[in-house]
Each structure stands twice: as structure tokens, then as C-alpha cells.
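If you read the sequences in order, they're chains A and B.
Just so you know, the first sequence maps onto residues 1 to 727 in the working numbering.
Just so you know, the second sequence maps onto residues 1001 to 1361 in the working numbering.
Just so you know, these hints were derived from the structure itself, not from any lab.
Heads up, some of the hints might be wrong.
Stated by the list, open to error - The calculated lysine-lysine pairs, modelled on DSS-like cross-linking and capped at a C-alpha distance of 30 Å, are:
1) K542(A) x K1236(B)
2) K307(A) x K147(A)
3) K523(A) x K1182(B)
4) K620(A) x K1214(B)
5) K615(A) x K1214(B)
6) K550(A) x K1236(B)
7) K1214(B) x K647(A)
8) K244(A) x K313(A)
9) K147(A) x K331(A)
10) K1182(B) x K550(A)
11) K244(A) x K1182(B)
12) K331(A) x K315(A)
13) K1214(B) x K523(A)
Said to hold, decoys possible - A short list of chain A residues far from chain B (calculated; beta carbon distances all over 10 Å):
14) K45
15) A67
16) V83
17) D97
18) H99
19) R102
20) L402
21) L486
22) Q519
23) R713
Treat the numbers as computed from the prediction; the structure is a model and nothing was measured.
Backbone N, C-alpha and C fix where the C-beta goes; we use that ideal spot for every residue, glycine too.
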Amino acid sequence: MVLLIRVSGGDLLDGGVHVDDDADLDTRWCCEVGAAVYPFHHGLKSPISRLSISWSRGNSLRVSVFAAPSSVESVEDDAGGTVVEVKLGGGDGEISDAHWRRIAYGSVSPFALLQSRKNAISSLSKMSMNSSPYDADWWDYIMEYSKDINALLGSQKPASVPVIDDPKSVIVKGEEPTNLKAAWELLEMFYAEKPSHLCLPERLVDWLADFDSLFSGTHPTVHSKLVDFQKELVNLQVVEDNPKYWEVMSSALAVGWLDIVVKMLRLHGSYQLDQLSNRETENGLVEAVAVLISKMPRMRLDQEAGKLGECFKAKPDFVKAREKWRAQINKLDSSAFWFQCAHLQTREGLRSMLQIMLGNANSLCSATCHWIELYISHLLYIRPLTVGLESMYSLAQKSIQLKPMASAHRLMGLIIGILGENTEVVLAECLKGFGPWMVVHAIELLTAGSDHAEMLLLEERPNLGGINIEELHRLVYAQVLSSHPLTWQIAPIYLISCMKHGMVLLQILLSKQPVQHNQLLLKSIEICRLYELHSITANIMKIAGVHHWKHGRKGSGVFWLQQARDEYRLNRIAQQLFDSVGKTISDESFKQWEGLIQLLGSDSKTAGGLEFLHKYRDFKKSLQHVFDGKTTDAARRAVESLISLMKNPSTPQRFYLPLLYDSLKLLNWKDRPLLNVSQTNLLLTKLQDLSLARLRPDFIESELPPQALNSVRLALATNLGRAILEE
Amino acid sequence: MAFAAPQNPSRVHRIPQSKYIDAVRWLSPVSALDRFAAVAYYDTDTNSPSIEIICVDPNPQASSPILTPQSSWTPPSRISSLKTAHSTHQPILAAATFSGSIHILVSDLINGGTVESEATVSELGFHSGPVSAVDLREGGTECVSVGEDGRVNLVSFVGDSSKLSYRRIFDANGLVGYTAVKWASPSEFATGGYGFGLQWWDQRRPGGPVSQFKGNWCQGKTSGIVHSIDIHPSRKHTCLAGGSSGTVFAWDLRAQQQPIVLSGAGTGEAPISLLSESEVWEVQYDCYTRSSNIGDISSTRILPIMICSEDGILAVIEQGEEPLELLAEPCAINSFDIDQQNPSDVICSLEWESIAILTRS
Chain A
1 MVLLIRVSGG
11 DLLDGGVHVD
21 DDADLDTRWC
31 CEVGAAVYPF
41 HHGLKSPISR
51 LSISWSRGNS
61 LRVSVFAAPS
71 SVESVEDDAG
81 GTVVEVKLGG
91 GDGEISDAHW
101 RRIAYGSVSP
111 FALLQSRKNA
121 ISSLSKMSMN
131 SSPYDADWWD
141 YIMEYSKDIN
151 ALLGSQKPAS
161 VPVIDDPKSV
171 IVKGEEPTNL
181 KAAWELLEMF
191 YAEKPSHLCL
201 PERLVDWLAD
211 FDSLFSGTHP
221 TVHSKLVDFQ
231 KELVNLQVVE
241 DNPKYWEVMS
251 SALAVGWLDI
261 VVKMLRLHGS
271 YQLDQLSNRE
281 TENGLVEAVA
291 VLISKMPRMR
301 LDQEAGKLGE
311 CFKAKPDFVK
321 AREKWRAQIN
331 KLDSSAFWFQ
341 CAHLQTREGL
351 RSMLQIMLGN
361 ANSLCSATCH
371 WIELYISHLL
381 YIRPLTVGLE
391 SMYSLAQKSI
401 QLKPMASAHR
411 LMGLIIGILG
421 ENTEVVLAEC
431 LKGFGPWMVV
441 HAIELLTAGS
451 DHAEMLLLEE
461 RPNLGGINIE
471 ELHRLVYAQV
481 LSSHPLTWQI
491 APIYLISCMK
501 HGMVLLQILL
511 SKQPVQHNQL
521 LLKSIEICRL
531 YELHSITANI
541 MKIAGVHHWK
551 HGRKGSGVFW
561 LQQARDEYRL
571 NRIAQQLFDS
581 VGKTISDESF
591 KQWEGLIQLL
601 GSDSKTAGGL
611 EFLHKYRDFK
621 KSLQHVFDGK
631 TTDAARRAVE
641 SLISLMKNPS
651 TPQRFYLPLL
661 YDSLKLLNWK
671 DRPLLNVSQT
681 NLLLTKLQDL
691 SLARLRPDFI
701 ESELPPQALN
711 SVRLALATNL
721 GRAILEE
Chain B
1001 MAFAAPQNPS
1011 RVHRIPQSKY
1021 IDAVRWLSPV
1031 SALDRFAAVA
1041 YYDTDTNSPS
1051 IEIICVDPNP
1061 QASSPILTPQ
1071 SSWTPPSRIS
1081 SLKTAHSTHQ
1091 PILAAATFSG
1101 SIHILVSDLI
1111 NGGTVESEAT
1121 VSELGFHSGP
1131 VSAVDLREGG
1141 TECVSVGEDG
1151 RVNLVSFVGD
1161 SSKLSYRRIF
1171 DANGLVGYTA
1181 VKWASPSEFA
1191 TGGYGFGLQW
1201 WDQRRPGGPV
1211 SQFKGNWCQG
1221 KTSGIVHSID
1231 IHPSRKHTCL
1241 AGGSSGTVFA
1251 WDLRAQQQPI
1261 VLSGAGTGEA
1271 PISLLSESEV
1281 WEVQYDCYTR
1291 SSNIGDISST
1301 RILPIMICSE
1311 DGILAVIEQG
1321 EEPLELLAEP
1331 CAINSFDIDQ
1341 QNPSDVICSL
1351 EWESIAILTR
1361 S
């Protein structure tokens, strides 16, 4: 039997919990409403009578299944119930939980470094009253931060470059790109790389080249066309006869993947040695187009090795070169050689490629698959000098009109938000598509250079309880981290950066950590030490102390209570300890106590009422010497410790009689009385106190022979007489 | 605080694991080419612990070594302490668990690095609560286990019985808890516990510790717990301990109650270099670092030691010298092990679910 839990939309467990024998029916129902199904096996044989559901750690549900009490008692091995943990939500499909944790760990240091630099800058600008807190260093810091985070999300470089270049392998397979990295790179190029705005179009071209494959799942893409053609290519004899060859090349050219296009052009049949002689003109045209493509002027700062195109850093140079290049294309387009080219597909294919390079809007539209590709092609061939987000945004709108989105993609939403300069949309897309980690770390970039975004995100909002949006998201992320047993310890880094509620939540987080195991306990204490939360430290130690004490680990309990300087509890547990002392601190079990007494140390401040144990041990030791050696000196020392014990207010009254009974030998010392008159009087007074105390109902009798009191009285009286005589 | 910079930078590789690592140990190699390590993992998602034998392939072509899991064994609960014996023909592992059991594992490195449980003690009353530390005697016939319950047990495994026999050496009935243990000789071992207390035990003189190093020697202000003990085979009279507040100290049995503080809290007067302020999780004598003044082989001088700490420090400490910092991680280093055959190599387990392999040059 399969148990189904229905979880629908916003309201958890809205659909209730159904125990159903017919799993298929329920699955169908759930699919219709769009709810998730989490089947699990509870393994109970008897029918289920009751279910209880509660939250477990993280986003797991704890489902307790109770079986109906079976009337037949023969089934002994059948459990009465079982508890199953059901993990909700698979999270992000492309990034596993462990990978998310790795990202979370890795982003701690860059985030903390940036925060400390921010604080340093703001305190510096306060001191010098400098109006602009953002200087050149600031952009370096932001860029360093962004690069550090970017490196965490995976590298784009192919794992290994093949030694022998396969002419027929058109696309190089690198590490699988992720949406998360694609999104971060978008944010980085728009918010962190402020100075290179002129090169933004080219940066977008590179971005699409890296991440076009991400759209393949939901949209037709140039990348998927290339991948499909790659498979066919191996079996093709004459590539130029295949219309797909030309189509794919035009598409790749439209989105600016020049090296792929040139590589494909060189596969053209006219390059083969046996055909070169009779297809000379045709080959000349192919080569001319290939050369034109590889000479395409591009407005960018640097060129990766192996990439085609000529780079220009300054606008006038670029404009001049581009005019010249377009003139060359026009010249080729109107040349007479086309009429001598016998191969129809080659002629048509090459000329349509020329149209793309000349920026024919219709050619671009038909060569590209989705609006981002169209947008990129416009940036490349029609408006390479587009500057400013406003004009980039209107161009994007135009592209969307030409190629409407069939289905939404999280990266597309993000791009529109960025280009539309709409911080709220960008944040919402980050949260919706990539979760709280992304939002918290992206806000650093969003606020880096934009005053508007800074105002929006750092403004205190009464409807959020007086905190700003930045803090809100940090708190949410910290909450997510806290819910996992491995990541809770990095939550403090984020909580501490929250001005309003961070500290309180940190204190709650630390107070809620389990104390059973030393490693975890010491971790909490360490975090308290870092943030100087001394009262929390003391509380944690007290909890740990009581926990250990309750579980019979008296030494550990005393240690932690001592560390917490909790005299109240130490005194309380001292009373409990004394109960067992009278019975067990005999000579043979002394070694057990020895360690505890040493732990207590001689410092009465931290020992609380347990100071008595220390003195008691000393007394027992000296008494031991007396019994061993019988020297008068040893006996004198024993008497001294007896007197100091009896004088000490921390000595419990119920120990008076056992102490005196133990020292009968001293009281009846043969050679001469060891106690003087005043000492004896003191002991007699104490004995008097004791008889008064015995009248109280809460008095605990010590386990001594019934004649003990009388023999002590007698000994004291005898001693008093002897002492008076001696004086 | 100035640290002596390493003269020769060491190579460090951090290898993400996607599971928490409780302990990591090198296994003595069977051939010059293959390196093996034993790792105690804990998967928090499935709540399942495991001990895995991994093959460490230095892999000169790629940027970092490749760890290939060879075999795995599932203990009944999370591992609290993992030790290996080196002088046996097959590596023997002793693993202690949070549920109070001890498992003796034998790994066959020649035939594919399999690991299997040789014997187990898990009966009720062996330890109440977790076993906090275990140590295997060299030669691998006996191990001693201690817990915060105050029990000190001796487990011997001569013969082929799958059920081990154990002998209770002492039971402090919880009045004293022990958190670390280390063999000194075939009959002696040292334990450590709360208040920086150390105890010396001799099986020939039963009934309790033969010698105690008084706890709370730093006047209660910075008192703490001993997490790890090491004893050098050539200096059995000195017991090295590391614990809370970055404290590393040695107890010379011949100078009964005076600790030799190497790092951390200290007694206050001497300006002792403070390497770390948090827990020192493990200490080991470092046979790679040659003492700078080789002529000074006085037996009172403490040999170079390596420590790892909660605040992410892996360092070598020499008495009277500036500590040498080998690693400074943003997260805790939970355990480390120096390769006995190849002492330049150190393997560490990092709190953020990764293993670091450090090669000193």
C-alpha cells in the first residue's frame, strides 16, 4: 500500500492526507490540480488508525503512522507505528543539495570580505565627510566579489582540449552550463562592470554563446540546431547539397559564432583537392566569405585567443573599420562572380550569409530562433553601437514583438528586468528562479552603483516591521541556512549583517542548538565568543551542564555549570551530591571522587556549595594518615581540618554527626587531648545546632549506628574535661 | 600576532565531498604507488554514517588529486573516534560510535581495498552514551576506549571471535568524564578530560589512575576540555594534550604538576604565542619538521607538533619558536593525519564537507 500526502499550492496540506489503496487514482487527481505527490512506504501490516504530521528539520515533514491496535495478540513482531520523514520539493533540478551547500560555504568568505570593506569605506567617508563613498577601489572590490562568487558556480572552460582537432566536430563540449551561472554572469556584466558599458553588446554575444544551450529545453535554439546537425554531419558526403548546412551556418553567423561558421565553411566540397580545379570560382567565393567573416570588426576590450574578428577599443576606429568592411561585403555581393558559380545551394547560401552580415532584418529574423538570439543579432549587425539601457530595452521589446515568447524562461525574465532597469522585477526573478541565496548575493551587485536601487532596497519599510528589503532577504536566507544541520553555522555571518533583527535572531539560533555532543556545543560557544554574546554562552553552558547532570555524567555537568559560574545550580546539585557522598566516599571508592574534587579546584567561587567536598576530601585524607601512621602530628592536622570543616558555613548540617563520628579516634586520642577548650566548645555547639535541626521535618538522618550520637557526646565531654585540666 | 611564513610553500588541494567528514586517517601503504585513506562520513540528508576506504591518486595531469572510493562499511551510528594501527600487515581500524559501540575493521588493500568488520562490542553496559575516544595499540591486539560516562574499557581481540571480550578497567560512575585516550606503552596509557585534567594508567597497577595531572591548573578562567592526546614513542614520560581555548600543553610525568604550555591560555606570565583561540581538535607529533637546533636533544624539550583547530588553523608548533601556519581555512579543521611513511603529506577533514590534502615541500 502506498500512502499519499497531498500538498497543494500555497496552503500546506490543504488537500489533507489520504490513505488510499488506489495509488493511481490519487496520482491522477494530483496531476490535475498540480499538486506534488510524495509516495512512501510505511511498512505496517495492520490497518492505519491515525496519522500525525509535523515539520522536521529543513523542508522535511515528519509523518507518524499509527497502526490500529490489533485484536489478535499473536502478531508480536508487528510494530505499533512508524515515523517516516518525507522530504518536500526536489529543489532545483540542475543543482543538487550538496552542490547548493558547497555554493553556500564558498560564498561566505567573499560576502564577509565585501561587508567588512563596505563598513570600512562608510566609516572612512563619515570621518572625512567625503561626499562620494565610491572610489576606484570600490569597483575593484565589487568586481572581486562578483568574480569569487562566479568561480563557485562552475567554470566554463572545457575540461580538456583534444590534441587532434576533429574537423567535423563543430561544437566543443565543455562543462554543462547552469542557469544559475548564466544569471550571475548577467548580473555581473550589467551591475559590476560599470566602466565597460560600451562593450555590453559584445559581452551579451559572449554570454549567449556560453549559455544558449540552456534555452534548448523550452525553446528551439541555434545551439540545438547545431547539435542536431553535428549528428548528421558524420554521415553526410556532400555537405553543400544539404540545405540544413546553409541554414545552420546562417543561424550561427546571426548570433555571432564566427569561428564555428568559418570552420563549417571550410567543410565545403570545393576545398577538396580533386574538385578544386573545376570549382575554382565557387571555392573563391566561399573563401572570400570566410575571410570577410573572420575580419569582422568588433567593439570589445579583449579577444580570447582563437576567436575570430578584429577588435577595436575606440569608437571612431571601429566605425571606420566597420564602414570599410561593409563596403567590402557590398562589393562582393554585387560582383559578377556569382553568375559563374554553378552550384545553386552555395550561391544562395553564401548570399544569404552576406545579407545577415549587412544586417538585413528579415534574414536575421528567419535565421534566429528565439527573441534573445534575434536581439543579439540586431546588436551585432544592425546597431552595434547601442549604448544605454533605455535603447537596449526598446530593442529588446522590438525583438519580443517579432519573436514572442512561447513559454517563459527564468533567464528571459531576468534579462527583461535588467534591461527595463526595474530592480523589483530583477529581485523577484532572482527569488523565483534561483532562490534566496541568489537574492542575498545579487543585492550586493544591484546596490553597488545605482543610487535608485540602493534607495529602494535600503529604505526602511514599516510594513516589513521597520527593516529594509536587503535585511529581509538576508534574514530569509539565514533562516534557510539555519534549517540544515550542516549550514546553520554559516547563518551567523548573514545574521550579523542585519542591523535590526540579526542579533536577536542569532541569539535565538544559538540558544536552540542541541547541546548533547561536545562538538556542537563547543561550536555554539565559539560563535558566541566571536560575537561577544556572553550571556548566551552562559545559558548554553547551563543547559549543557544540567543535561549532562541529568544523564549521570556528573563530572561533565559540574564542569559546565562551573564554566557558566552558575552558583545557584551548583549549590542545588551539591545537595544531591552530598546524598551520595555519605554512602560512597568510603576509602575504596575514593578514586572515583578524586577526579571530581580535582576538577572543582580550590577556588570556592566557581565551586559553589561543592567547596565542602574539597575540604571533606582533605579531612578524609588526613584521617587516613592518622589510621596509617598514628603520629600525633598527623592527628593534629586532621583536627585542624575537622575544625575548619565545622566552622565553614557551607558544610551541610547533616554531615556534622558523620564527621564527628569519623573523628572519634581523634577525640579520644590516647596521649593528650588534641582539641582545646574553645574548639571542643565549638563542636558541642554544633552538636546542639544539630539536635535543633533534627526537629525540622526536612532533616535527613545520616545512616549511622543508633549509639553514634551518644558516643560522640561522651567523647566530646571527656575531651572537654581533659582539655580544661590541661589548661 | 606574527606567524613565521613557511619557507617553502606547500601544495594544498581541497576536494569537495558532499557529506560531512567526522574523521580521516591515512592507511599504511602496501605499494609505493597506491595511497589509501579511511574516511568516516556522515550523510545528514539520509542520516547515514559510513566508513569508506578511498584511494588517493595524486594525478599529476589534473589540477587536484582524485579520491576514488574503494569500499564502504556502515556503522550503526555516527563515528566519534577513528584510529588506525600501522605496524600490522593489513591496516586495522578501530571505530567508536555515538551509540556506544566499538568496531574493529580490517581493510584488504591488495585486493581492491575492501573493508569489513572483524569484530564488534556493542552490548548494553559497555559504555553508557557515546564512546568519546578510542586508541589502538601498535600491533593491533588491544584497544582502550573511554567515555564521558567515566568508563575505561580495554578491548582485546586476539583470536578470531567476532564477538570481542572487554574488561572494565575503571568506572568513575560519571563523576569524571574522559574525552581523549592514547597508549604510551603496552601496559600504560593516558586519558584526558574536563578541566584540562590528565590521568596516567598502568594495567599492572589496577584500581584507578596511577598518576593524575591536576585539572584547572589555569585557575578556572580559561579552563576547558582535552580533545586529543599524543605520546611520542621515544618520550613516554611526556604526555602532549590539546584542548579548548587554543591550549596545547605537555605534562612531563617527572615534573608532576607543572604544565609546559606550548600555545594558548597558559598561566599568564610568559608571553606565549597565541595561535588560535578556539578548540584544538587534534594534536600529533610531527615527524616531518626537523627541530631547528638538532644538537639540543635534551629530553625535556618537546618535539615539533602539529595541531588543527576549530578556527581553521593547521600549524606546526615548536617549543620556544614562532608557530608555523600551514593552513588557515575559513571553516574548522576537524581532524588531520600525518602519513607515517611519507610525513610530508597531511590529510585533513574540513567542516565544509571537504578533504584537504597538503604536501609539504
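Numbered hints the structure breaks, given as an ascending list: 1, 6, 8, 9, 11, 17, 18, 19, 21, 22
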